[in-house]
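2 protein chains.
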Amino acid sequence: MSVTAAKGFTAAGVAAGIKENGNPDLALVVNEGPRRAAAGVFTSNRVKAAPVLWSEQVLKGGVLSAVVLNSGGANACTGPRGFQDTHATAEKVAEVLGRDAAEVAVASTGLIGVLLPMDKLLPGVDKAAAALSEHGGEKAAIAIKTTDTVHKTAVAQGDGWTVGGMAKGAGMLAPGLATMLVVLTTDADVDADTLDRALRAATKVTFDRVDSDGCMSTNDTVLLLASGASQVTPGYAEFAEAVRAVCDDLGQQLIRDAEGAGKDIRIEVVNAAGEDDAVEVGRSIARNNLLKCAIHGEDPNWGRVLSAIGTTSAAFEPDELNVAINGVWVCKNGSVGEDRDLVDMRYREVHIVADLAAGDATATIWTNDLTADYVHENSAYSS
Amino acid sequence: MSVTAAKGFTAAGVAAGIKENGNPDLALVVNEGPRRAAAGVFTSNRVKAAPVLWSEQVLKGGVLSAVVLNSGGANACTGPRGFQDTHATAEKVAEVLGRDAAEVAVASTGLIGVLLPMDKLLPGVDKAAAALSEHGGEKAAIAIKTTDTVHKTAVAQGDGWTVGGMAKGAGMLAPGLATMLVVLTTDADVDADTLDRALRAATKVTFDRVDSDGCMSTNDTVLLLASGASQVTPGYAEFAEAVRAVCDDLGQQLIRDAEGAGKDIRIEVVNAAGEDDAVEVGRSIARNNLLKCAIHGEDPNWGRVLSAIGTTSAAFEPDELNVAINGVWVCKNGSVGEDRDLVDMRYREVHIVADLAAGDATATIWTNDLTADYVHENSAYSS
Numbered sequence: 001m002s003v004t005a006a007k008g009f010t011a012a013g014v015a016a017g018i019k020e021n022g023n024p025d026l027a028l029v030v031n032e033g034p035r036r037a038a039a040g041v042f043t044s045n046r047v048k049a050a051p052v053l054w055s056e057q058v059l060k061g062g063v064l065s066a067v068v069l070n071s072g073g074a075n076a077c078t079g080p081r082g083f084q085d086t087h088a089t090a091e092k093v094a095e096v097l098g099r100d101a102a103e104v105a106v107a108s109t110g111l112i113g114v115l116l117p118m119d120k121l122l123p124g125v126d127k128a129a130a131a132l133s134e135h136g137g138e139k140a141a142i143a144i145k146t147t148d149t150v151h152k153t154a155v156a157q158g159d160g161w162t163v164g165g166m167a168k169g170a171g172m173l174a175p176g177l178a179t180m181l182v183v184l185t186t187d188a189d190v191d192a193d194t195l196d197r198a199l200r201a202a203t204k205v206t207f208d209r210v211d212s213d214g215c216m217s218t219n220d221t222v223l224l225l226a227s228g229a230s231q232v233t234p235g236y237a238e239f240a241e242a243v244r245a246v247c248d249d250l251g252q253q254l255i256r257d258a259e260g261a262g263k264d265i266r267i268e269v270v271n272a273a274g275e276d277d278a279v280e281v282g283r284s285i286a287r288n289n290l291l292k293c294a295i296h297g298e299d300p301n302w303g304r305v306l307s308a309i310g311t312t313s314a315a316f317e318p319d320e321l322n323v324a325i326n327g328v329w330v331c332k333n334g335s336v337g338e339d340r341d342l343v344d345m346r347y348r349e350v351h352i353v354a355d356l357a358a359g360d361a362t363a364t365i366w367t368n369d370l371t372a373d374y375v376h377e378n379s380a381y382s383s
Numbered sequence: 001m002s003v004t005a006a007k008g009f010t011a012a013g014v015a016a017g018i019k020e021n022g023n024p025d026l027a028l029v030v031n032e033g034p035r036r037a038a039a040g041v042f043t044s045n046r047v048k049a050a051p052v053l054w055s056e057q058v059l060k061g062g063v064l065s066a067v068v069l070n071s072g073g074a075n076a077c078t079g080p081r082g083f084q085d086t087h088a089t090a091e092k093v094a095e096v097l098g099r100d101a102a103e104v105a106v107a108s109t110g111l112i113g114v115l116l117p118m119d120k121l122l123p124g125v126d127k128a129a130a131a132l133s134e135h136g137g138e139k140a141a142i143a144i145k146t147t148d149t150v151h152k153t154a155v156a157q158g159d160g161w162t163v164g165g166m167a168k169g170a171g172m173l174a175p176g177l178a179t180m181l182v183v184l185t186t187d188a189d190v191d192a193d194t195l196d197r198a199l200r201a202a203t204k205v206t207f208d209r210v211d212s213d214g215c216m217s218t219n220d221t222v223l224l225l226a227s228g229a230s231q232v233t234p235g236y237a238e239f240a241e242a243v244r245a246v247c248d249d250l251g252q253q254l255i256r257d258a259e260g261a262g263k264d265i266r267i268e269v270v271n272a273a274g275e276d277d278a279v280e281v282g283r284s285i286a287r288n289n290l291l292k293c294a295i296h297g298e299d300p301n302w303g304r305v306l307s308a309i310g311t312t313s314a315a316f317e318p319d320e321l322n323v324a325i326n327g328v329w330v331c332k333n334g335s336v337g338e339d340r341d342l343v344d345m346r347y348r349e350v351h352i353v354a355d356l357a358a359g360d361a362t363a364t365i366w367t368n369d370l371t372a373d374y375v376h377e378n379s380a381y382s383s
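Chains as they are written, first to last, in my numbering: chain A, 1 to 383; chain B, 1 to 383.
Errors might be hidden in some of the hints.
A pair holds if it fits inside one copy or across any two, identical chains being indistinguishable in the list.
[As the list claims (entries may be wrong)] List time: in silico SDA-like cross-link candidates among lysine to any residue, alpha-carbon distance up to 25 Å:
id	residue 1	residue 2
1	Lys7	Ala102
2	Lys127	Asp341
3	Lys60	Ala130
4	Lys332	Ala94
5	Lys120	Arg340
6	Lys332	Ser44
7	Lys120	Ser335
8	Lys60	Glu317
9	Lys263	Glu377
10	Lys120	Gly337
11	Lys7	Ala237
12	Lys263	Ala372
13	Lys60	Asn333
14	Lys127	Glu238
15	Lys263	His376
16	Lys332	Ala357
17	Lys120	Ser230
Note that these hints are calculated values from the structure, not bench results.
Let the sequences and hints guide you as you build the complete structure.
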């Protein structure tokens, strides 16, 4: 499973001592070939962590031999010293594997503004290299957890080829991308340009539409590595769909494990004039703290949906808006619709439909409710 | 005090039975003249409540004889029937006072999507008219409270003239304008154009920069009425400053009474390339839930400030950003600065300075921390 579901990959997850509690904190994923094509998508936050700056450069070559990931520290806002630490980490991995540092991506997650303990991280790379295995995917997924309560993996099978992956992320989840580290692998025999095209298409409709708390990270990284080990080159559409399916699966797991969340909220914007309008409206609803509190209280407070729609620049007329919550059209033509007492909100998933009555475009954004547990987790813990 | 601090105004606040708990819920403010000039600023939410749509039209004439305000229901998203109810309310006030309905502004606050109980509201207008008094300002301020724990009034004195006002607002506080109802009165002898100019200048740097929870209301209304009763026409600068001072005072009271808040956060953006950049950055920081949770936990988590700045389009270089929390420069040149343990966060006010090192413009945005009490209040109570 995980990043070793596809042939041609080994992985490991070890405790290097970066985390003070002794939990696993260092993961290594190695593409054993024969092909070593890769693509990556990174945070659109302009304050980028050192490993993001490094990996963006590395990915320009379209080749990755390995990815080293650590939890226990984001290595963001750490200045030139932080960038040197990322570089030294890539050099260390290259040395241990006998590859080139320019083919090693680095990803970090944890507290911003703290330097990584390199005296622990570098020996950890030796330890991880020694533990590399074709069955190491689960351990790698475990080692990148921060406040995640479970590790996240997913797999899609093609005809003779596989796409698998792992993800971490629980807070600071917002688009562009959602805050997280994701490594996807495939044994399909595809080139870097195809990987890039499939990955961007997939993230745009999956991770980019997961918005747990509106906070965009400095460290978001999604990588897709191809080993070619299956010796099969699938058609683009088939391959892209498999990548999308794995991204969608992992994105759903991120939402279900979001910090403190009690409800998963699916916001479906329909009849928008264009997809951009649909996404803008969906995000605005997803980021409305008052609505998120109401959902937590199982209160179908549709007025908060309308007030969120009203802050956007999307095409609509206020008196043509319709809103359904869990199948009940509580707002019709911008006014009172069906009886709100008919809405059953006992279950974890809440489905909001916002009908803009302005066209035929649609988009779905996922978010969570806002809870006291979210406040506690993010006020008591420096993350 | 309040709206009756200036000469030429009477006011009243009564319990009309709109609120089920029997608390005061209807306020009436009457301009007794001789002048009846007025200006207004309203929510920029495109989903506007019926009273906002009505009052915007009324204000185009630049004349107001009275303002009628109710709590216990926002009359937003209530369709044509809701608009008719607003119209009927204005007609009733006009009839009772012997004035024209086109000179009566209406403002409502409370739950969105519920029709007002007109059988209680209209008799309430009679009751309020009978209670009108030159000392009625406090009672009017009390009658417009929703989740406010205290009523809010402010006064500024000029040389022979006065500006006074009242405000309500505790949740759904965000710019454009902050969610609230505000009525300001003055006995200065100024025309409607001057009122409009002074009011827009004042709200832009006060209410518009109060962002408690990022949620923009459907009902925001700020009105300024001039009676001319002092027979003094102050210079524009002096008058505008008095209006600004009253708006600033009321805005601060809104922040201090924000739902569930334990900390008032003053975000001062300095050395921005322009004022728009400063405001954009300030708002982005003010809306970062993770930072707001950290402040609640008295954790000077400056990484969350940088990640919020990074999502903006403002001019800055990531490695030139500086951040101070309560006087300690915890971030210098985009990296680790002074020891975060030096930051004393025991007090209610928290002062964050974000230095963009990109120019000489500045702006200050006020927000609150995010607390479990905010979640409780907004999940248990349909507001």
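Lysine 263 and glutamate 377: within-copy, between-copy, both or neither at 25 Å Cα: For lysine 263 and glutamate 377, both the intra-copy (16 Å) and inter-copy (18 Å) Cα distances are at most 25 Å.
Intra/inter-copy verdict for lysine 127 and aspartate 341 if alpha-carbon distance must be at most 25 Å: neither (58 Å within a copy, 34 Å between copies)
Identical-chain pair category, lysine 263 with alanine 372, by Cα at 25 Å: Both: 13 Å inside a chain and 17 Å across chains, each within 25 Å.
Homo-oligomer pair classification [glycine 337, lysine 120; C-alpha up to 25 Å]: between (61 Å within a copy, 23 Å between copies)
Alpha-carbon proximity context of lysine 7 and alanine 237, limit 25 Å: within (21 Å within a copy, 75 Å between copies)
Alpha-carbon proximity between lysine 127 and glutamate 238, which holds within one copy, between copies, both or neither at 25 Å: Answer is neither: 38 Å inside a copy and 72 Å across each miss the 25 Å cutoff.
Copy assignment of lysine 7 with alanine 102, given that the CA separation must stay at most 25 Å: within (23 Å within a copy, 77 Å between copies)
Same-copy or cross-copy closeness of lysine 332 to alanine 94 [CA-CA at most 25 Å]: neither (61 Å within a copy, 32 Å between copies)
Up to 25 Å CA-CA - serine 44 versus lysine 332, copy category: between (37 Å within a copy, 22 Å between copies)
Within, between, both or neither, where lysine 60 and glutamate 317 count as close if Cα-Cα is 25 Å or less: between (45 Å within a copy, 23 Å between copies)
Within, between, both or neither, where lysine 120 and serine 335 count as close if Cα-Cα is 25 Å or less: between (61 Å within a copy, 22 Å between copies)
Homomeric proximity label, lysine 60 with asparagine 333: Cα distance no greater than 25 Å: Classified as neither: same-chain Cα gap 50 Å, cross-chain 27 Å, threshold 25 Å.
Of the numbered hints stated above, those contradicted by the structure are hints 2, 3, 4, 13, 14 and 17, listed in ascending order.
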